[in-house]
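> Each chain is listed here by its residues.
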Amino acid sequence: MMSLLIEEELCCDVLVIGTEGTGARAALEAAEQGVDVLAVTKGFMARSGATLTADGEIDVDSRSARNLFGVDGSPDDCPEQFAKDMIVEGDYLGDQRLVAIHTEEAPARVKELVDWGAQLEGFIHAPGHTYPRGLWIPGLKLARLLARRMVKSGISVLENTMVLELLHDSDGVMGAVGLHLPTGKMLLLRCRSLVMATGGAMRVFPLTTAPEELTGDGLAMALRCGAALQDMEFPMFLPYCFLTPPSLRGVIFSYDVSALMEVHALNRQGERYMARWDPERMERTTRDINSVAAAMEIRAGRCSKAGGTYLSFKHLPRNLVNFSAEWFPRNLRSWRAAGFHLRSFFPDIGEEAWEVAPACHFWNGGIRIDEDCATNVPGLFAAGEGTAGIHGANRLAGNALTMTQVWGKRAGASAARFAKDGKLRKPPTTQIEKVVRKFVCLKSDSSGPTVTEVRLEIRRIAGDLVGIIREEKNLQQALKAIADLRRDLARQHVVNQDSRFNREWVEGLQNENSLDVLEAIVLASIARQESRGAMYRVDYPATDNDRWLCNLVLRRKDNQWEMQEAPVNSLYLSLPAGTRTYGRRGESNHG
Amino acid sequence: MDKPKLITVQVRRGDKNESKLVAYEVPVEAGQSVLGVLQYIYDHLDSSIGFTCSCRIGLCSSCLMRVNGKVVQSCTTLANGDMVIEPYKEDALVRDLVTELPPISQASLNNPKNINPFKDEEV
Ligand SMILES: Cc1cc2nc3c(=O)[nH]c(=O)nc-3n(C[C@H](O)[C@H](O)[C@H](O)COP(=O)(O)OP(=O)(O)OC[C@H]3O[C@@H](n4cnc5c(N)ncnc54)[C@H](O)[C@@H]3O)c2cc1C
Ligand code: FES
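Chains as they are written, first to last, in the numbering used here: chain A, 9 to 599; chain B, 3 to 125.
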């Protein structure tokens with residue numbers, strides 16, 4: 009029998025998938041509620057996922073920052089104003105009920121981190137925020153702090169285990185099947201409730217800031233188990249990511265360089281093209297508009313030598329540029345971009361413009377949740393990056409780390425509550441067998457393209473036919489290409505059958521997830537015939553508030569997609585009417 | 003763009019019991035990283051090669067390796083010429099360049115209950 013291939017069985021009350029900002033916070037909260045927690049990660053704890061790579065901006069409203077932490081925040085700000093900024097800059101697609109909770113609970117969550125030993129290393133005013141809100145805890149320090157706390161709290165952590173599929177019936181979730189990468193063993197993970205904290209799917213795109221693991225597994229697994237995905241047309245891009253040299257591809261010099269100083273974004277003619285998109289805010293507009301503008305320059309052929317745009321601070325006095333490396337709250341003292349010394353590539357900082365391009369950075373949409381992080385599947389909770397409704401069509405800088413803490417805790421509490429009443433049930437053998445069969449098939453059928461070819465093809469489709477700038481013709485081609493690839497999935501060719509950390513197996517299994525996610529993006533993008541937030545349609549360039557102020561919700565039943573338009577929750581701020589030119593938020597130029 | 007140059011990369015392949023250096027010819031552009039070279043080998047030459055990495059930007063340390071005898075993060079180390087790549091921790095070697103992967107039983111370190119199925123509560 010196939011389920012004999014399951015080699016070990018682990019049980020818990022609450023299974024948390026993902027161990028970083030969100031997963032760790034969820035696990036800590038669930039453990040605090042007195043239930044047994046098992047947290048699983050595809051990589052190593054505090055050594056994988058996006059959290060540790062975060063520069064460190066973590067938002068709370070300016071007044072609370074001032075009152076709680078003594079920084080130079082404005083007393084005029086408040087959680088309501090922060091919520092308003094999130095709603096407006098998210099182009100009105102945020103779920104206002106969730107947004108209000110987010111800004112209300114943010115101060116207490118950051119206070120907790122400080123109480124647990126986090127040091128605040130700065131306070132900045134990033135674009136899109138009416139007031140300065142960016143406290144600073146470097147991601148690596150945050151991830152390590154949470155990891156230490158998890159270990160101390162007695163939470164069990166299973167590292168290097170890729171969760172492949174959730175097990176469920178009509179009464180809800182019962183567990184998951186995982187692959188233990190060091191040994192190649194299949195594991196059965198049983199639970200009463202489950203928190204999905206697997207982060208985004210940025211690795212679907214060819215140019216990205218995000219780490220290896222983020223291939224959309226959690227989104228795809230939730231979808232396949234009946235959960236709804238929302239706002240999938242809004243993967244977020246960051247405009248100024250290095251294109252060259254090759255080792256720096258996708259690396260950011262500070263996630264939001266315009267919070268540091270006035271930069272000029274130039275096309276090959278030396279024009280500050282932002283004047284055509286947001287003449288008032290120019291490069292200090294939000295990142296969605298900056299990325300769309302850059303992508304449009306590239307598309308129009310006004311690109312840099314390497315195919316991007318130019319980022320320059322040559323207009324600034326040299327001593328000012330040098331000084332900025334001293335005061336900006338992160339490890340910029342020697343002009344570092346993450347672990348890279350920029351001077352080894354650009355000896356004279358400020359002299360040359362950098363060649364940059366928009367890279368996929370964050371997942372605005374994802375699993376549809378309510379205020380308790382519940383999905384439409386009983387026992388399945390989700391939080392953090394890869395859930396929808398908090399950021400709408402565009403996320404403000406520094407607001408993802410806040411999200412991990414506010415929503416991680418909420419998910420942990422809800423899952424613990426559910427587990428206390430829930431039963432540990434025996435997952436149906438047929439479902440386990442189905443997962444095992446998929447895996448066995450990957451190991452045996454080898455008549456199709458290699459897993460690498462499939463991965464590269466997914467990224468080609470995502471880069472060339474989807475991207476940030478979209479149009480019907482390309483999206484239809486993408487759909488066709490995805491359908492072709494789906495046929496190849498079951499026949500992916502794996503060269504190596506060594507069961508000890510088999511990279512091809514991991515990629516082969518990830519490919520299915522990435523393809524599900526990519527198809528969701530394409531379907532939602534075809535449906536949304538307008539431009540908004542992180543998505544621009546050349547064939548529908550205006551923002552159409554009369555027709556498209558709704559969330560697109562996707563589900564899949566029996567391999568058929570279903571799409572619904574859900575009304576936006578507008579509990580606090582009324583929604584705008586009329587049509588406006590993309591990029592000039594707040595102005596309504598046609599009525 | 004400058005033409006890529008061809009370099010010879012020797013990778014120690016195998017496990018604790020048996021290993022040998024395997025040579026690959028890899029085209030590299032100026033500014034390519036050692037990790038980029040391994041990715042090239044995996045994508046185009048030999049997908050059986052084992053290595054780990056995550057952030058690719060020098061923060062997570064999952065890509066530690068010994069390059070020409072020196073332990074480095076392979077993602078921020080540039081591939082300037084011919085090189086020898088070896089695992090950085092021989093005693094914890096799993097396979098090729100993969101080291102120190104935790105066993106399943108680690109989950110039990112904190113809570114033995116996770117290992118014992120609560121059979122009595124099954125329905
Ligand atoms: C370079 C960079 C800089 C950033 N800077 C900032 C910043 O300054 N401020 C800010 O607010 N935000 C920033 N962000 C965004 C922010 O870091 C993330 O949105 C946030 O940390 C996500 O946390 P998370 O816990 O939800 O997901 P992640 O930290 O990505 O963790 C996901 C976890 O899920 C696991 N996982 C995934 N799939 C599986 C599977 N199939 N099985 C088992 N486990 C799985 C992973 O191993 C990992 O443990 C930045 C992002 C990047 C990439
Ligand atoms: S991959 Fe993270 S340090 Fe190299």
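If you are wondering where the hints come from, they were derived from the structure by calculation, not from laboratory data.
Among these hints, one or two may not hold up.
Below, in silico cross-link-like pairs of lysine to aspartate or glutamate (EDC-like), each with a Cα-Cα straight-line distance of 20 Å or less [claimed, not checked]:
| id | chain 1 | residue 1 | chain 2 | residue 2 |
| --- | --- | --- | --- | --- |
| 1 | A | Lys488 | A | Asp472 |
| 2 | A | Lys193 | A | Glu17 |
| 3 | A | Lys451 | B | Glu102 |
| 4 | A | Lys322 | A | Asp380 |
| 5 | A | Lys313 | B | Asp45 |
| 6 | B | Lys5 | A | Asp492 |
| 7 | A | Lys193 | B | Asp48 |
| 8 | A | Lys451 | B | Asp48 |
| 9 | A | Lys565 | A | Glu17 |
| 10 | A | Lys451 | A | Glu461 |
| 11 | B | Lys22 | A | Asp547 |
| 12 | A | Lys434 | A | Glu129 |
| 13 | B | Lys18 | A | Asp506 |
| 14 | A | Lys488 | A | Glu363 |
| 15 | A | Lys481 | A | Asp429 |
| 16 | B | Lys18 | B | Asp84 |
| 17 | A | Lys442 | A | Glu363 |
| 18 | A | Lys481 | A | Asp492 |
| 19 | A | Lys149 | A | Asp179 |
| 20 | A | Lys193 | B | Glu102 |
Restraint ranges, calculated between C-beta atoms of paired labels, are given here [said to hold, decoys possible]:
| id | chain 1 | residue 1 | chain 2 | residue 2 | range |
| --- | --- | --- | --- | --- | --- |
| 21 | A | Arg555 | B | Val24 | 55 to 61 Å |
| 22 | B | Asp45 | A | Glu479 | 27 to 33 Å |
| 23 | B | Lys5 | A | Lys481 | 32 to 38 Å |
| 24 | B | Asn19 | A | Gln505 | 15 to 21 Å |
Partial chain A-side listing against chain B, Cβ under 7 Å, derived [as the list claims (entries may be wrong)]:
| id | residue |
| --- | --- |
| 25 | Ser56 |
| 26 | Glu220 |
| 27 | Pro325 |
Where is the CB? At the ideal position from N, CA and C, for every residue including glycine.
> Given the hinted pair Lys313 (chain A) and Asp45 (chain B), is their Cα-Cα distance within 20 Å?
violated (26 Å)
> Are the Cα positions of Lys451 (chain A) and Asp48 (chain B) separated by 20 Å at most?
holds (17 Å)
> Check the hint pairing Lys481 (chain A) with Asp492 (chain A) against an upper bound of 20 Å on the C-alpha distance.
Since the Cα atoms of Lys481 (chain A) and Asp492 (chain A) sit roughly 17 Å apart, the hinted pair holds (cutoff 20 Å).
> Decide if the proposed pair is consistent with the structure: Lys488 (chain A) and Glu363 (chain A), CA atoms, cutoff 20 Å inclusive.
Violated. Lys488 (chain A) to Glu363 (chain A) sits at ~33 Å, over the 20 Å cutoff.
> 55 to 61 Å was suggested as the range; check whether the CB atoms of Arg555 (chain A) and Val24 (chain B) agree with it.
The hint (55 to 61 Å, Cβ to Cβ) holds, given that Arg555 (chain A) and Val24 (chain B) are roughly 59 Å apart.
> For Lys193 (chain A) and Glu102 (chain B), compute the direct alpha-carbon distance and say whether it is at most 20 Å.
Distance of about 17 Å is within 20 Å: holds.
> CA of Lys22 (chain B) to CA of Asp547 (chain A), is that 20 Å or under?
Violated - the C-alpha atoms of Asp547 (chain A) and Lys22 (chain B) are around 57 Å apart, more than 20 Å.
> Quickly compare the C-alpha distance for Lys451 (chain A) and Glu102 (chain B) to 20 Å and report which way the hint goes.
violated (25 Å)
> Take the C-alpha atoms of Lys18 (chain B) and Asp506 (chain A), compute the straight-line distance between them, and say whether it is at most 20 Å.
holds (15 Å)
> At a threshold of 7 Å, is the proposed contact between Glu220 (chain A) and chain B supported by beta-carbon distances?
Holds - the Cβ of Glu220 (chain A) comes within 7 Å of chain B, reaching about 5 Å at its closest.
> Given Ser56 (chain A) as an interface hint, is its Cβ closer than 7 Å to any Cβ of chain B?
At about 4 Å, which falls below the 7 Å cut-off, the nearest Cβ of chain B leaves the hint on Ser56 (chain A) intact, so it holds.
> When you check the alpha-carbon spacing of Lys488 (chain A) and Asp472 (chain A), does it fall within 20 Å?
Holds. Lys488 (chain A) to Asp472 (chain A) sits at ~14 Å (cutoff 20 Å).
Of the numbered hints given earlier, the model fails hints 3, 4, 5, 6, 7, 9, 11, 12, 14, 15, 16, 17, 19, 27; all others are met.
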